[in-house]
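Residue strings, one per chain:
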Amino acid sequence: MHKLFDRCVRMGEAVAMLFSVLYAFPRRREHFKTIVQHIYFYGNKTMMIVIVAGAFIGMVISLQGYTSLVRFGAESEIGGLTAYSIYRELGPVVTSLLFIGRVGSLLASEMSMMNINQQFTCLKMLAINAYQLVLFPRFLAIVISVPLLTIVFCLSAVLSSLMVCKFALAVSTGIFWNSLEYYTLFTVDVMHGFWKSLAFGFVIAWVAIYQGMSAVPNRSGMAKATTSTVVSASLLILGIDYVITALFGSML
Amino acid sequence: MKENRLLNAGVGAFVLLAAVSMMFLAFFASTPDWRGYDGYTVYAKFDEAAGLRARAPIRIAGVRIGEVESVELTPSYQAKVALRIDSKSTELPLDTTAHIFTEGLLGVRYVAIFPGYDESTLKHDDEILQTNSGFVLENLIAQFLINLGSESLNKGSSDE
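Chains as they are written, first to last, in the numbering used here: chain A, 1 to 252; chain B, 1 to 160.
Simulated from the structure, these hints should not be mistaken for laboratory data.
Note that the coordinates shown come from a computational prediction; the quantities given were computed from them, not determined experimentally.
You can trust all of the hints, since none of them are fake.
Using C-beta positions, here's what the derived DEER-type ranges look like: (1) A:LYS224 - B:ALA50: 53 to 61 Å; (2) B:ALA9 - A:ALA170: 35 to 43 Å; (3) A:ILE175 - B:LEU145: 32 to 40 Å; (4) B:GLY51 - A:THR187: 24 to 32 Å.
Calculated lysine to any residue pairs in the SDA-like style (CA-CA distance at most 25 Å, straight line): (5) B:LYS88 - A:THR187; (6) A:LYS33 - B:ASN4; (7) B:LYS80 - A:TYR182; (8) A:LYS45 - B:MET23; (9) A:LYS45 - B:ALA19; (10) A:LYS166 - B:THR31; (11) B:LYS88 - A:TYR183; (12) A:LYS224 - A:LEU18; (13) A:LYS45 - B:LEU7; (14) A:LYS45 - B:LEU16; (15) A:LYS33 - A:PHE202; (16) B:LYS80 - A:LEU185; (17) A:LYS33 - B:ALA9; (18) A:LYS33 - B:LEU16; (19) B:LYS123 - B:ALA79; (20) B:LYS88 - A:LEU185; (21) A:LYS33 - B:ALA13; (22) B:LYS88 - A:GLU181; (23) A:LYS45 - B:ALA9; (24) A:LYS33 - B:VAL20; (25) A:LYS33 - B:ALA19; (26) A:LYS33 - A:ASN129; (27) A:LYS224 - A:ALA16; (28) A:LYS45 - B:ASN8; (29) B:LYS80 - B:LEU52; (30) B:LYS88 - B:GLN130; (31) A:LYS33 - A:LEU106; (32) B:LYS88 - A:TYR182; (33) A:LYS33 - B:ASN8; (34) A:LYS33 - B:LEU7; (35) B:LYS123 - B:VAL63.
Reference listing, derived: stretches of chain B covered by chain A, where coverage requires no fewer than 3 residues with Cβ under 8 Å from a Cβ of chain A: (36) 6–13; (37) 18–30.
In this text, a Cβ means the ideal position worked out from N, Cα and C, and glycines have one as well.
All chains should be modelled from the sequences, with the hints used to inform the complete structure.
Okay, here's the thing in structure tokens:
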């Protein structure tokens, strides 16, 4: 009972924090500068791992899909199969999971480190709004970065799948593009993945910032915050992914 | 200052890459359904449209000219199929006939259109009046087996 109450308190804290972060919309030039800086630290630095992961996932899906499709004599549909699964599910989910590993843990440990070093107290003494200068730019940078990375992931996966089909599987480029264009609609499938990744970015930023801010200000608290960010953000992403697909899967 | 410019360039390149990727996905790697079709829609009623789904191709002489938009039931229990023709320049005469064909024996259903000879053409929301439903393979097999059975029965009785 006591534990349940504790849970509710933490949840309420998280919601309150989300509102105060969103309320701290930047007003000064430095704040916008920080946003760009953090898109660089989060988005650009994650781009390489996302591109490489996308390439390998696209390749392995077309290889694996080919071996099962060829049994039904439907190997000409390989492009559609690959693109459909990547645009709708794998693109947003895998990008988000990679992003959690790369940035979520970094952000949580950074936040709790700032807490340990009492940098937030320091900012308060200087009458600087920490939410405006520190939290909101990071939040927005993540919300912007994740969809962009998802698009890059999708492109990388489709192109690498094309390469595999052309050079390893003897499926010609024309057949690949034909089935790919036939099975995926832009406003339905590509945008479905896009909206999903936007929601995921929001969740990642929220979880990481909350865990980092609410950590016990010592070394073990910091380690705990990092771990629980990765765990709970990953589980939340997978759960929300199912909910979004179940609710909007057919129309979006 | 120089550091900052480099950072901005990095972010710019990242956003640009994402934008270009989005363009690529929009124009090449998916059906650009956000671009309004300049085509038109005609309707056809079939007695039997088993296996015909939305997005099935419409063909004239084997060439794809559009796709099935929807398959719905009419009050008179027929299947009303909306046929979206991709381009306005594909003009169909009034006495056009529509058939449901199958790719191969067990393949995907599609709508085959045989243009007629009438001078006037079908407009948007018009209906193709002459239709020919697809065959249902199970019915054909059943009929074949029944015929076979009755034949052998006849044979048996004539031998006696």
